[in-house]
Amino acid sequence: MKNTITVGLLGLGTVGSGVIEILHDHKERIQHRTGCEVTIKSVLVNNVEKPRELPDGSTNLTDRYEDITRDPEIDVVVEVMGGIDHTLTILLEAIQHGKHVVTANKDLIAQHGAELFAACQESGSDLYYEASVAAGVPIIRSIMDGLSSDRITKMMGIVNGTTNYIMTKMSQDGADFDSILKEAQDLGFAEADPTADVDGLDAARKMTILSILGFSMPFNLEDVEVKGIRGLSLSDIQYAEELGYRIKLIGIAENDVNGVSVSVEPTFLPAEHPLSSVNDEFNAVYVYGDAVGETMFYGPGAGKLPTATAVVSDLIAVLKNIRLGTTGTAYVQPQFPKQVMPKDQQMTKKYIRLHVLDQTGMLMEITKIFAQYNISFDQIIQRSYEEDGERELMMVTHQVSEEDFSQAMKEIETHHSVKSVESIFRVEGGS
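Each residue of the sequence shown is one higher than the one before, counting from 1 in the numbering used here.
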């Protein structure tokens, strides 16, 4: 039985330095929990000449990944450098050389997880990726272990801290999207290129991972309907609150007899819903199970130490498996073939905001179109608009199929009394 586990670390940025910090500061606790000592032998960096302060002077810096993947003394490779294609090549080589892998790379897992797991099964290696979804929120381990005996029917959550920060500040400060985005970038909550966050792609990758695990089906990123928050207006945030809702970028995955639907989109949540009170950069995932009912997992969705904590927790799981001789057995192939829910079976409520001509009979004509597609309304509000002769019309539907709604909106968009369709959002809660 091994008394010392040797680690190779790929990346020494924010998260990588956090991993080193936790392994150093919690060294005795980790050794007590696992029964073995953990040492970091080598770290892959871009520039080995750059001055760095490492708590363990014996750690080697290298700019050659082969020094880690091919080193027979290294047992576990921890990847926190990001990237997809080049990183995939490195990790596959590490696995081929018998290394276990811990990664925080959501993009890689969402796009190439099946390939990595197949390689691990062949080599008898472990692959853990808790930090890839919600940093310090242990949602993957909860689904895989804590809820493994239940049938999960729905998962919905705030899984991107950047967009949640932006939407929180827009709501609280009454500032517009562009100014809050710049503030988020200045504070380090948003990247210089925020596309993946604000266009919903980051959240979509995380929902892909959760859907594979929660429903045991081989989903792909292409199966997720994605709509980001770019162009979100203060008017919609204010109208949402007036109607009794809060607007959040929500990932939703549902599984019923008709199949599975997975989406990421700005969503109206009832003000009393637990996710409505999740603010700033925090993440939360709401899980519905046949047996357990409703549970919610909440915590910091980003940051140096929260993410590093999840990485080190995965590392500890690998260490325990090594000592127990059970490595390579954690991954289970999806139990069911993929079944995507048809559009005509996807039932949701919708919020619509229109600019319309202020004409007699306008509302009757619009509601008549919707009625032709079996769409009725829970709430309708009319407001004056700054343009003379125009009105602003806000409508919340009852449950409607995505197919019927799409067909109705094609007619609404071309109706003579409709100047523009300003916004359409999903609404959760109610019938």
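Hints listed in this document are in silico derivations from the structure and should not be mistaken for laboratory results.
Hints should not be assumed to be uniformly reliable.
Cβ-Cβ distance ranges computed for the label pairs, FRET-style [claimed, not checked]:
1. 83 to 24: 22 to 28 Å
2. 333 to 277: 33 to 39 Å
3. 241 to 186: 33 to 39 Å
4. 182 to 98: 29 to 35 Å
5. 344 to 241: 31 to 37 Å
6. 191 to 48: 34 to 40 Å
7. 384 to 241: 15 to 21 Å
8. 47 to 320: 55 to 61 Å
Here are the simulated DSS-like pairs of lysine-lysine, each with C-alpha atoms no more than 30 Å apart in a straight line [to be verified]:
9. 169 to 154
10. 154 to 338
11. 343 to 419
12. 2 to 50
13. 320 to 304
14. 2 to 227
15. 169 to 182
16. 343 to 368
17. 41 to 227
18. 338 to 227
19. 27 to 154
20. 343 to 227
21. 320 to 27
22. 320 to 343
23. 27 to 2
24. 182 to 227
25. 41 to 410
26. 2 to 320
27. 368 to 304
28. 304 to 27
29. 41 to 154
30. 304 to 182
Cβ coordinates follow ideal geometry from the N, Cα and C atoms, glycine included.
Range first: 34 to 40 Å. Now tell me if the beta carbons of residue 191 and residue 48 are that far apart.
With a Cβ separation near 26 Å, residue 191 and residue 48 fall outside 34 to 40 Å, so the hint is violated.
Given a hinted range of 29 to 35 Å, is it respected by the beta-carbon distance of residue 182 and residue 98?
violated, 47 Å
Between the beta carbons of residue 344 and residue 241, is the distance compatible with 31 to 37 Å?
holds, 32 Å
Between residue 2 and residue 50, is the straight-line Cα distance small enough, at 30 Å or below?
violated, 34 Å
Taking only the CA atoms, is the gap from residue 41 to residue 410 under or equal to 30 Å?
Violated. Residue 41 to residue 410 sits at ~61 Å, over the 30 Å cutoff.
Given the hint that residue 2 pairs with residue 320, test it: the Cα-Cα distance must not exceed 30 Å.
The given pair, whose Cα atoms are some 11 Å apart, holds under the 30 Å limit.
Is residue 320 within 30 Å of residue 304, Cα to Cα?
Status holds; Cα separation ~24 Å.
Is residue 182 close enough to residue 227, meaning Cα to Cα at most 30 Å?
holds, 21 Å
Satisfaction of hint between residue 419 and residue 343, Cα-Cα up to 30 Å
Holds, at roughly 28 Å.
Does residue 154 sit within 30 Å of residue 27, going by the straight-line distance between their CA atoms?
The hint is violated at about 39 Å.
Agreement of residue 41 and residue 154 with the hint, judged by alpha carbon distance not exceeding 30 Å
Given that 30 Å is the threshold and the Cα spacing comes to 43 Å, the pair is violated.
Please work out if residue 343 and residue 368 have their alpha carbons no farther apart than 30 Å.
holds, 23 Å
The earlier numbered hints that this structure contradicts are 3, 4, 6, 8, 12, 14, 17, 19, 22, 25, 27 and 29.
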